[in-house]
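Make the full structure from the sequences, and use the hints.
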Amino acid sequence: QRDNQWIGVIGPVTYDSCVFQDQRRLLCVDSITGEEKWWRTDVPPGCDLYGDESYVFAVPPDSQQALVYSTIDGRYLGEVDVPRWEEQLATLGRNFVRWHRLPSGEQELSSQDAFSGDVAWKKQFSRGSRVDITQGRYAVVAEPQGKCVILDVSTGENLVDHPLENVDVLRNVYLLAGTDNFVVVTERPFKLSRERRISPLNSWDYRVIEGNVFTFSRASGEMVWDGPAEVKQESFILSQPVDLPVVAFAGTVHHRTRSGGRPATSLLLLEKSSGRLLFHEEKLPQTGGNYCALRMVDQNNAEMEVAMASRTVRVKFTDRPRSPEPPAIVDST
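Under the numbering used here, the first residue of the sequence shown is numbered 1, with each subsequent residue one higher.
Derived from the structure by calculation, the hints contain no laboratory data.
Note that the structure is a prediction, hence the values are computed from the model and not measured.
Quick reminder that beta carbons are idealized off the backbone N, C-alpha and C, glycines included.
Derived lysine-lysine pairs resembling PhoX-like cross-links, with alpha carbons at most 20 Å apart: (1) K232 / K191; (2) K123 / K147; (3) K232 / K283; (4) K147 / K122.
Label pairs and their in silico Cβ distance ranges: (5) T179 / N202: 23 to 31 Å; (6) E53 / E79: 16 to 24 Å; (7) N158 / T179: 16 to 24 Å; (8) A302 / L192: 37 to 45 Å.
Dropping the structure here:
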(Lines of atoms letter the chains of each structure in order from A; the text may use other names.)
(Lines give C-alpha, C1' and ligand atoms only; values in the text may rest on other atoms or scores of the structure.)
Protein backbone atom coordinates (compact mmCIF):
# COMPACT_ATOMS: atom_id res chain seq x y z
CA GLN A 1 0.00 0.00 0.00
CA ARG A 2 0.93 3.63 -0.47
CA ASP A 3 -0.94 6.33 1.44
CA ASN A 4 -3.41 3.60 2.47
CA GLN A 5 -4.20 2.93 -1.20
CA TRP A 6 -3.65 -0.61 -2.47
CA ILE A 7 -1.16 -0.87 -5.35
CA GLY A 8 -0.48 -4.50 -6.16
CA VAL A 9 0.69 -7.97 -5.18
CA ILE A 10 3.50 -10.11 -6.59
CA GLY A 11 2.59 -13.78 -7.02
CA PRO A 12 4.45 -16.90 -8.16
CA VAL A 13 7.61 -16.56 -10.23
CA THR A 14 8.69 -19.61 -12.28
CA TYR A 15 11.41 -20.27 -14.82
CA ASP A 16 9.35 -18.58 -17.58
CA SER A 17 6.48 -16.72 -15.91
CA CYS A 18 5.81 -14.02 -13.32
CA VAL A 19 2.25 -13.55 -12.06
CA PHE A 20 1.15 -10.38 -10.27
CA GLN A 21 -1.92 -8.26 -9.69
CA ASP A 22 -2.29 -4.51 -10.04
CA GLN A 23 -5.34 -2.37 -9.37
CA ARG A 24 -7.08 -3.54 -12.53
CA ARG A 25 -5.80 -6.95 -13.61
CA LEU A 26 -4.32 -10.29 -12.65
CA LEU A 27 -1.64 -10.82 -15.28
CA CYS A 28 1.22 -13.12 -16.24
CA VAL A 29 4.33 -11.89 -18.00
CA ASP A 30 7.49 -13.54 -19.29
CA SER A 31 10.05 -13.61 -16.47
CA ILE A 32 12.87 -12.43 -18.76
CA THR A 33 11.30 -10.09 -21.31
CA GLY A 34 8.26 -8.81 -19.41
CA GLU A 35 6.02 -9.60 -22.39
CA GLU A 36 2.40 -10.13 -21.35
CA LYS A 37 1.18 -13.72 -21.72
CA TRP A 38 -2.37 -13.36 -20.37
CA TRP A 39 -4.50 -11.25 -18.06
CA ARG A 40 -7.87 -11.22 -16.34
CA THR A 41 -9.99 -8.34 -15.05
CA ASP A 42 -12.52 -10.36 -13.01
CA VAL A 43 -10.30 -11.15 -9.98
CA PRO A 44 -11.03 -9.37 -6.67
CA PRO A 45 -8.32 -6.81 -5.82
CA GLY A 46 -5.76 -7.37 -3.09
CA CYS A 47 -5.60 -11.18 -3.33
CA ASP A 48 -2.89 -13.24 -1.67
CA LEU A 49 -1.13 -14.94 -4.60
CA TYR A 50 0.94 -18.13 -4.75
CA GLY A 51 1.40 -21.14 -7.02
CA ASP A 52 3.79 -22.86 -9.41
CA GLU A 53 4.28 -23.51 -13.13
CA SER A 54 0.82 -25.13 -13.37
CA TYR A 55 -1.56 -23.31 -11.01
CA VAL A 56 -2.08 -19.83 -9.63
CA PHE A 57 -4.04 -19.49 -6.35
CA ALA A 58 -5.69 -16.13 -5.65
CA VAL A 59 -7.14 -15.79 -2.15
CA PRO A 60 -9.37 -12.70 -1.67
CA PRO A 61 -8.99 -10.80 1.61
CA ASP A 62 -10.63 -12.54 4.61
CA SER A 63 -11.54 -15.56 2.48
CA GLN A 64 -10.93 -19.27 3.11
CA GLN A 65 -11.37 -20.17 -0.56
CA ALA A 66 -8.77 -19.74 -3.28
CA LEU A 67 -9.65 -19.02 -6.91
CA VAL A 68 -7.54 -21.31 -9.10
CA TYR A 69 -6.22 -20.34 -12.54
CA SER A 70 -3.92 -21.99 -15.07
CA THR A 71 -0.45 -20.49 -15.02
CA ILE A 72 -0.09 -21.37 -18.70
CA ASP A 73 -3.10 -19.56 -20.16
CA GLY A 74 -5.04 -18.00 -17.26
CA ARG A 75 -8.10 -20.27 -17.51
CA TYR A 76 -10.35 -20.38 -14.44
CA LEU A 77 -10.18 -23.87 -12.91
CA GLY A 78 -12.50 -23.52 -9.89
CA GLU A 79 -12.14 -22.96 -6.14
CA VAL A 80 -10.39 -24.83 -3.32
CA ASP A 81 -10.54 -24.48 0.46
CA VAL A 82 -7.52 -22.97 2.23
CA PRO A 83 -6.80 -22.20 5.92
CA ARG A 84 -7.39 -18.83 7.50
CA TRP A 85 -4.69 -16.31 6.67
CA GLU A 86 -3.30 -16.24 10.21
CA GLU A 87 -2.74 -20.03 10.08
CA GLN A 88 -0.57 -19.87 6.95
CA LEU A 89 3.10 -19.48 7.84
CA ALA A 90 4.42 -19.66 4.28
CA THR A 91 3.71 -20.89 0.76
CA LEU A 92 6.07 -23.04 -1.30
CA GLY A 93 4.82 -23.37 -4.84
CA ARG A 94 1.31 -24.79 -4.60
CA ASN A 95 1.87 -25.96 -1.00
CA PHE A 96 1.01 -23.94 2.07
CA VAL A 97 2.66 -24.42 5.47
CA ARG A 98 0.02 -24.35 8.19
CA TRP A 99 0.25 -23.82 11.97
CA HIS A 100 -2.99 -24.43 13.82
CA ARG A 101 -4.43 -25.59 17.12
CA LEU A 102 -6.02 -29.04 17.30
CA PRO A 103 -9.20 -29.74 19.31
CA SER A 104 -6.97 -31.44 21.92
CA GLY A 105 -5.12 -28.15 22.46
CA GLU A 106 -1.92 -29.35 20.80
CA GLN A 107 -0.39 -27.44 17.91
CA GLU A 108 0.14 -28.94 14.45
CA LEU A 109 2.62 -27.86 11.80
CA SER A 110 1.98 -29.28 8.33
CA SER A 111 2.53 -28.83 4.60
CA GLN A 112 -0.40 -29.39 2.24
CA ASP A 113 -0.98 -29.24 -1.52
CA ALA A 114 -3.58 -26.52 -2.02
CA PHE A 115 -4.93 -28.08 -5.24
CA SER A 116 -5.18 -31.76 -4.33
CA GLY A 117 -5.44 -31.42 -0.55
CA ASP A 118 -2.68 -34.01 -0.06
CA VAL A 119 -0.67 -33.55 3.15
CA ALA A 120 3.07 -33.85 2.47
CA TRP A 121 4.00 -34.02 6.17
CA LYS A 122 2.70 -33.00 9.58
CA LYS A 123 4.10 -32.81 13.11
CA GLN A 124 2.40 -32.24 16.44
CA PHE A 125 3.68 -30.15 19.34
CA SER A 126 2.50 -29.60 22.88
CA ARG A 127 0.01 -27.00 24.08
CA GLY A 128 1.54 -23.55 24.42
CA SER A 129 4.25 -24.11 21.79
CA ARG A 130 5.44 -21.11 19.79
CA VAL A 131 6.61 -20.93 16.17
CA ASP A 132 8.62 -18.61 13.93
CA ILE A 133 9.55 -18.94 10.27
CA THR A 134 12.26 -17.22 8.24
CA GLN A 135 13.19 -17.05 4.57
CA GLY A 136 9.92 -18.86 3.83
CA ARG A 137 11.72 -22.14 4.45
CA TYR A 138 13.04 -22.65 7.99
CA ALA A 139 10.71 -22.90 10.98
CA VAL A 140 11.50 -23.14 14.68
CA VAL A 141 9.08 -24.56 17.22
CA ALA A 142 9.75 -24.14 20.95
CA GLU A 143 7.77 -26.14 23.48
CA PRO A 144 7.37 -24.88 27.07
CA GLN A 145 7.84 -28.46 28.27
CA GLY A 146 11.41 -28.27 27.06
CA LYS A 147 12.24 -28.85 23.39
CA CYS A 148 13.39 -26.80 20.40
CA VAL A 149 12.93 -28.12 16.86
CA ILE A 150 14.09 -26.43 13.65
CA LEU A 151 12.63 -27.81 10.41
CA ASP A 152 13.11 -27.39 6.69
CA VAL A 153 9.46 -26.84 5.78
CA SER A 154 10.07 -27.81 2.14
CA THR A 155 10.70 -31.42 3.24
CA GLY A 156 9.57 -31.61 6.89
CA GLU A 157 13.07 -32.72 7.89
CA ASN A 158 14.23 -31.93 11.44
CA LEU A 159 17.50 -29.98 11.26
CA VAL A 160 17.73 -29.37 15.03
CA ASP A 161 16.05 -31.27 17.89
CA HIS A 162 17.38 -29.97 21.18
CA PRO A 163 16.09 -30.04 24.80
CA LEU A 164 15.30 -26.75 26.50
CA GLU A 165 14.81 -25.80 30.10
CA ASN A 166 11.15 -26.11 31.07
CA VAL A 167 9.27 -22.82 31.46
CA ASP A 168 5.78 -22.22 32.80
CA VAL A 169 4.84 -19.95 29.90
CA LEU A 170 6.68 -19.44 26.62
CA ARG A 171 5.80 -16.05 25.20
CA ASN A 172 7.50 -16.23 21.81
CA VAL A 173 10.41 -17.61 19.80
CA TYR A 174 12.54 -16.01 17.07
CA LEU A 175 14.80 -17.58 14.42
CA LEU A 176 17.76 -16.26 12.41
CA ALA A 177 19.02 -18.65 9.71
CA GLY A 178 22.62 -17.98 8.70
CA THR A 179 24.90 -19.79 6.27
CA ASP A 180 26.58 -21.86 8.99
CA ASN A 181 24.29 -21.60 12.00
CA PHE A 182 20.83 -20.99 13.39
CA VAL A 183 20.24 -18.46 16.16
CA VAL A 184 17.16 -19.05 18.33
CA VAL A 185 15.86 -16.57 20.90
CA THR A 186 13.16 -17.73 23.32
CA GLU A 187 11.07 -15.17 25.18
CA ARG A 188 9.31 -15.56 28.50
CA PRO A 189 6.90 -13.15 30.23
CA PHE A 190 8.49 -10.49 32.41
CA LYS A 191 7.62 -7.51 34.57
CA LEU A 192 8.89 -4.13 33.53
CA SER A 193 11.47 -2.62 35.84
CA ARG A 194 10.67 0.71 37.47
CA GLU A 195 14.32 1.79 37.65
CA ARG A 196 15.20 0.85 34.09
CA ARG A 197 12.87 0.93 31.12
CA ILE A 198 13.94 -0.06 27.62
CA SER A 199 11.97 0.49 24.43
CA PRO A 200 12.59 -0.70 20.86
CA LEU A 201 13.97 1.73 18.28
CA ASN A 202 10.86 0.95 16.22
CA SER A 203 7.96 -1.48 16.48
CA TRP A 204 8.71 -3.40 13.26
CA ASP A 205 12.35 -4.46 13.51
CA TYR A 206 12.83 -4.77 17.29
CA ARG A 207 11.27 -6.69 20.19
CA VAL A 208 11.96 -6.13 23.89
CA ILE A 209 12.55 -9.61 25.27
CA GLU A 210 13.65 -11.47 28.35
CA GLY A 211 14.84 -15.00 27.73
CA ASN A 212 17.59 -17.20 26.33
CA VAL A 213 19.75 -17.13 23.21
CA PHE A 214 21.01 -20.30 21.48
CA THR A 215 23.24 -20.97 18.48
CA PHE A 216 23.03 -24.30 16.61
CA SER A 217 25.36 -25.62 13.91
CA ARG A 218 23.62 -26.16 10.58
CA ALA A 219 26.07 -28.94 9.71
CA SER A 220 25.54 -31.07 12.83
CA GLY A 221 22.34 -29.71 14.36
CA GLU A 222 24.18 -29.52 17.70
CA MET A 223 24.33 -26.54 20.02
CA VAL A 224 27.48 -24.47 19.52
CA TRP A 225 27.72 -23.11 23.08
CA ASP A 226 27.99 -24.99 26.37
CA GLY A 227 24.64 -23.51 27.40
CA PRO A 228 22.31 -20.66 26.43
CA ALA A 229 23.09 -17.01 26.97
CA GLU A 230 20.50 -15.21 29.10
CA VAL A 231 19.36 -11.65 28.54
CA LYS A 232 16.89 -9.63 30.60
CA GLN A 233 14.81 -6.87 29.07
CA GLU A 234 16.90 -6.13 25.99
CA SER A 235 15.73 -4.95 22.55
CA PHE A 236 16.41 -7.75 20.05
CA ILE A 237 17.07 -6.68 16.44
CA LEU A 238 14.84 -8.92 14.31
CA SER A 239 16.23 -7.66 10.99
CA GLN A 240 19.96 -7.98 11.75
CA PRO A 241 22.18 -9.59 9.09
CA VAL A 242 22.22 -13.33 9.71
CA ASP A 243 25.92 -13.96 8.97
CA LEU A 244 27.46 -11.44 11.33
CA PRO A 245 29.75 -12.88 14.05
CA VAL A 246 27.47 -11.40 16.74
CA VAL A 247 23.90 -11.46 17.99
CA ALA A 248 22.85 -7.84 18.49
CA PHE A 249 20.43 -5.99 20.74
CA ALA A 250 19.81 -2.23 20.58
CA GLY A 251 17.17 0.04 22.10
CA THR A 252 16.39 3.25 23.93
CA VAL A 253 16.91 2.98 27.68
CA HIS A 254 15.53 5.22 30.45
CA HIS A 255 17.12 5.04 33.91
CA ARG A 256 15.00 6.44 36.71
CA THR A 257 16.96 8.88 38.87
CA ARG A 258 16.11 11.69 41.25
CA SER A 259 16.84 14.22 38.55
CA GLY A 260 14.68 12.37 36.06
CA GLY A 261 17.47 11.20 33.79
CA ARG A 262 17.78 11.42 30.03
CA PRO A 263 17.12 8.63 27.51
CA ALA A 264 20.19 6.97 26.02
CA THR A 265 20.94 4.16 23.59
CA SER A 266 21.71 0.66 24.83
CA LEU A 267 23.83 -1.70 22.70
CA LEU A 268 24.55 -5.33 23.56
CA LEU A 269 26.63 -7.71 21.41
CA LEU A 270 27.02 -11.45 22.05
CA GLU A 271 29.72 -13.40 20.24
CA LYS A 272 28.01 -15.96 18.02
CA SER A 273 30.81 -18.53 18.23
CA SER A 274 30.90 -18.67 22.05
CA GLY A 275 27.94 -16.77 23.52
CA ARG A 276 30.25 -14.53 25.57
CA LEU A 277 29.55 -10.83 26.09
CA LEU A 278 31.57 -8.72 23.64
CA PHE A 279 30.10 -5.28 24.21
CA HIS A 280 27.47 -3.78 26.51
CA GLU A 281 26.94 -0.05 26.93
CA GLU A 282 23.82 1.77 28.11
CA LYS A 283 25.03 5.37 27.96
CA LEU A 284 25.48 5.87 24.24
CA PRO A 285 23.99 9.08 22.82
CA GLN A 286 20.38 8.70 21.79
CA THR A 287 20.18 7.72 18.13
CA GLY A 288 17.94 9.85 15.95
CA GLY A 289 15.62 8.45 13.33
CA ASN A 290 15.63 4.96 14.90
CA TYR A 291 18.76 4.25 12.89
CA CYS A 292 21.00 1.28 13.69
CA ALA A 293 22.87 -0.56 10.92
CA LEU A 294 25.27 -3.49 11.37
CA ARG A 295 27.82 -4.56 8.77
CA MET A 296 31.27 -6.00 8.19
CA VAL A 297 33.76 -3.35 7.04
CA ASP A 298 36.59 -5.39 5.51
CA GLN A 299 36.98 -8.35 3.17
CA ASN A 300 38.47 -10.65 5.80
CA ASN A 301 35.50 -10.28 8.16
CA ALA A 302 37.92 -9.10 10.85
CA GLU A 303 36.07 -5.89 11.74
CA MET A 304 32.41 -4.94 11.99
CA GLU A 305 30.61 -1.74 12.83
CA VAL A 306 27.33 -0.74 14.36
CA ALA A 307 26.41 2.62 12.83
CA MET A 308 23.88 4.90 14.53
CA ALA A 309 22.98 8.50 13.84
CA SER A 310 25.05 9.80 16.75
CA ARG A 311 27.75 7.16 17.26
CA THR A 312 29.50 4.30 15.44
CA VAL A 313 30.82 1.31 17.41
CA ARG A 314 33.54 -0.82 15.80
CA VAL A 315 34.47 -4.32 16.93
CA LYS A 316 37.69 -6.02 15.79
CA PHE A 317 38.10 -9.81 15.77
CA THR A 318 41.41 -11.69 15.99
CA ASP A 319 42.50 -15.33 15.97
CA ARG A 320 44.62 -14.92 19.12
CA PRO A 321 43.86 -17.48 21.86
CA ARG A 322 41.77 -16.39 24.82
CA SER A 323 40.72 -17.91 28.10
CA PRO A 324 37.38 -19.75 27.89
CA GLU A 325 34.25 -17.96 29.11
CA PRO A 326 30.73 -19.30 29.59
CA PRO A 327 27.80 -17.84 27.63
CA ALA A 328 26.76 -14.46 28.93
CA ILE A 329 24.20 -13.83 31.65
CA VAL A 330 23.23 -10.21 31.14
CA ASP A 331 21.07 -8.82 33.93
CA SER A 332 20.30 -5.21 33.11
CA THR A 333 17.40 -4.87 35.54
